[in-house]
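Top line first, the protein sequences correspond to chains A and B.
Residue numbering for the first sequence follows this note's numbering, beginning at 1 and increasing consecutively.
Residue numbering for the second sequence follows this note's numbering, beginning at 1 and increasing consecutively.
To be clear, the hints were calculated from the coordinates, so they are not data collected in a lab.
Incomplete in silico selection of chain A near chain B, CB under 10 angstroms: (1) Val15; (2) Gln19; (3) Cys26; (4) Trp28; (5) Glu31; (6) Gly36; (7) Ala65; (8) Leu78; (9) Asp81; (10) Ser82.
Some, not all, of what chain A presents toward chain B, calculated at C-beta under 7 angstroms: (11) Pro17; (12) Val18; (13) Met20; (14) Pro29; (15) Tyr32; (16) Phe35; (17) Lys66.
Beta carbons are placed, not taken as given, at the ideal position from N, Cα and C, and that holds for glycine.
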Amino acid sequence: STTQQDAAAPEKVAVPPVQMFYCGVCSWPPEYCEFGVSLSKCKEWLHDSRPDLYEKYYSEEALTAKLGTISLEAQSKLEKDSAKKEAKAEAKAEAAKKKKLVRALLVIIKRIERNKRKYVTSIRGLEIFDVDLKKASKFFAQKFATGASVTKNAAGIDEIVIQGDVSQEVYDLIEEANEGGEGGGGKGGKKGLDVLKGVVVDNIEMVEEKKKKGGD
Amino acid sequence: MFKKFAASTDVSGQTPVKSSVQRSIRATILSSWSIDAETLEEIWPKKEEHLAIYTLHGEPLFFQHFDGPIYPTLRLLHKYPFILPHVGIDRGAIRFLLAGANMMCPGLTSAGGRLPPADHALAKGTPVAIDAEGKEFPVGIGIITIGTEDMKKINKDTAVESITYLGDELWGIRKL
Chain A
1 STTQQDAAAP EKVAVPPVQM FYCGVCSWPP EYCEFGVSLS KCKEWLHDSR
51 PDLYEKYYSE EALTAKLGTI SLEAQSKLEK DSAKKEAKAE AKAEAAKKKK
101 LVRALLVIIK RIERNKRKYV TSIRGLEIFD VDLKKASKFF AQKFATGASV
151 TKNAAGIDEI VIQGDVSQEV YDLIEEANEG GEGGGGKGGK KGLDVLKGVV
201 VDNIEMVEEK KKKGGD
Chain B
1 MFKKFAASTD VSGQTPVKSS VQRSIRATIL SSWSIDAETL EEIWPKKEEH
51 LAIYTLHGEP LFFQHFDGPI YPTLRLLHKY PFILPHVGID RGAIRFLLAG
101 ANMMCPGLTS AGGRLPPADH ALAKGTPVAI DAEGKEFPVG IGIITIGTED
151 MKKINKDTAV ESITYLGDEL WGIRKL
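With the hints as constraints, model all of the structure from the sequences given.
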């Protein structure tokens with residue numbers, strides 16, 4: 001009869017989803033990080049964020065149980081391969097980052113117009129030549145008795161900004177620093193100039209920019 | 001007409017066009033332009049690569065290639081592991097699946113692999129979740145190329161074609 005339907009029909013409830021936890025470094029379930037390219041970073045992250053899971057996956061027993069059906073030999077080979085992959089991936093990322101910063105191995109000294117009479121000098125690309133930006137900016141500030149700072153501009157490229165138009169002087173200083181030690185001479189020698197050493201003088205470009213503040 | 005047109009604001013929506021509508025559009029083009037059918041076919045092929053990814057609020061849920069089977073994304077499968085039948089690969093096969101390879105019979109028939117019993121045999125063409133030896137969560141989704149009973153008997157060549165796996169391009173898409 002038709003009462004069958006409403007008699008003992010239980011309320012159909014949706015099955016709740018499994019609450020997944022994914023590695024914050026590589027986005028995979030932590031049990032698979034060992035097959036990725038950043039195992040050491042993944043482990044460190046897991047150790048900090050979920051020590052309980054770290055214990056679950058990386059404790060001594062967990063590691064021996066993990067061997068499963070592959071031999072000790074195969075497992076150590078896997079670990080070596082994974083370490084190699086990780087180093088390779090890191091080197092690749094470093095190279096890509098450097099490439100992004102560099103594009104052409106160029107140092108650009110810009111003279112940017114601030115007001116009708118005032119300028120700021122921007123130096124971009126020094127770090128490609130392994131110049132310590134902080135030290136360099138301090139050196140410039142001291143040399144020119146004006147403000148100098150390291151700022152991160154669009155796309156994360158660091159540049160040194162110096163108040164005033166000192167573009168030509170900056171160029172001369174870099175040139176001097178990389179002339180090769182022909183003795184001190186002149187203004188008390190190369191005090192602090194060493195911070196600018198390493199820059200290839202031919203790779204410096206001087207640019208003038210007219211910056212209209214608040215326009216457009 | 002396009003003097004003031006911005007893709008971000010003036011496009012109301014994109015939908016795949018029904019084939020009946022497609023046919024009428026093709027017919028209109030053929031009659032009003034000076035173009036022949038072959039050239040139009042070059043420009044706008046009838047059988048183009050059709051991968052449909054179905055999303056909700058931008059998050060991909062399932063996908064379908066041409067008129068093939070509909071697969072859940074691996075992320076969705078993780079949340080609801082019971083929606084597909086499972087097969088298991090042994091530890092040695094994991095790295096190959098993660099590189100995009102198809103799974104060969106020995107990877108499933110070995111001691112570390114796992115296949116369903118004969119009374120739950122899976123036929124060719126069945127979408128399956130691929131579990132990994134010693135792991136809690138599935139590592140990929142595939143489709144059976146030779147039935148599970150044949151895998152046990154023949155134990156050679158491809159058993160499961162890899163469709164999507166952990167870390168592939170689809171895994172990287174959190175929002176479309």
